[in-house]
Amino acid sequence: SPADIGLMFSMVGLSYVAGGPIGGWLASFAGRKRLIVPGLALSNLAFGSLVFADSKEAFFALLLLSNFSSACVSPALSAFTAEVLPPEARGQALAVSRMSADVASLGAPLALGMLADATTSGTAIVTTACLCGSGTALFALRADERAVLAFASASTASAAGAGLPVDGSGRR
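Using this note's numbering, count along the sequence shown one by one with no gaps and you end on 184.
No lab work stands behind these hints, which were simulated from the structure alone.
It is possible that some hints are incorrect.
As the list claims (entries may be wrong) - Beta-carbon label-pair distances, calculated as ranges:
no., residue 1, residue 2, range
1, Cys142, Leu122, 35 to 41 Å
2, Leu26, Ala149, 28 to 34 Å
3, Thr135, Arg110, 28 to 34 Å
4, Met111, Ala42, 35 to 41 Å
5, Thr139, Val115, 25 to 31 Å
6, Gly25, Leu153, 30 to 36 Å
7, Ser13, Gly43, 41 to 47 Å
8, Met20, Thr131, 18 to 24 Å
9, Ala107, Tyr28, 18 to 24 Å
10, Pro33, Pro99, 23 to 29 Å
No experiment lies behind these values; they were computed from the predicted model shown.
Quick reminder that beta carbons are idealized off the backbone N, C-alpha and C, glycines included.
Make the full structure from the sequences, and use the hints.
This is how it looks when you write it as structure tokens:
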């Protein structure tokens, strides 16, 4: 129903409002990388578990857990990026990271819906959870300073080659 859809979107927004500050505190307390991998894993597991939801309440609870876990990770990802990059690359890397999250927020519901139409909703959910889980595993295995620095160098070089500013001054 339209009321359920409105409730679902409100819950997602509320989970991010609550999860961000809690995630920031947890990242400072437990450490960035130690929060990122378990937080993303919990988010992926809760999302994948949506296929087992047998009621509207169970579906909403799992969706809330998935989004809340993801929201808690956000400050840790930003802090991790800022910690391992040289100052001149931080702005570009954080912008690319934010843009990627925004593109995912815009495109994922459409892609998920198209996949569900082509297969089943369960297949779409499990496929998405597996893809996100693969990304989490890759981060767990490769999240070191060299990998992040290589990404930042490539992003900065691409931005400079496209004529975009590579620092906050507006200069190239």
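Hints, one by one, checked against the model:
1. The hinted window of 35 to 41 Å between Cys142 and Leu122 is violated, with their beta carbons roughly 19 Å apart.
2. Our hint of 28 to 34 Å for Leu26 and Ala149 holds, since their Cβ atoms are close to 29 Å apart.
3. A beta carbon spacing of about 30 Å between Thr135 and Arg110 agrees with the range 28 to 34 Å that was offered as a hint.
4. For Met111 paired with Ala42, a C-beta distance near 27 Å fails the hint of 35 to 41 Å.
5. A beta carbon spacing of about 19 Å between Thr139 and Val115 contradicts the range 25 to 31 Å that was offered as a hint.
6. The hinted range of 30 to 36 Å is satisfied by Gly25 and Leu153, whose Cβ atoms lie roughly 32 Å apart.
7. In this structure the hint that Ser13 and Gly43 lie 41 to 47 Å apart at CB holds, the actual value being about 43 Å.
8. At roughly 22 Å, the beta carbons of Met20 and Thr131 sit within the given window of 18 to 24 Å.
9. Range check, Ala107 to Tyr28: about 19 Å between beta-carbon atoms, so the 18 to 24 Å window is met.
10. For the pair Pro33 and Pro99, the supplied restraint of 23 to 29 Å holds, since their beta-carbon distance comes to about 25 Å.
Violated hints, listed in ascending order, are 1, 4 and 5; each of the other numbered hints is respected by the structure.
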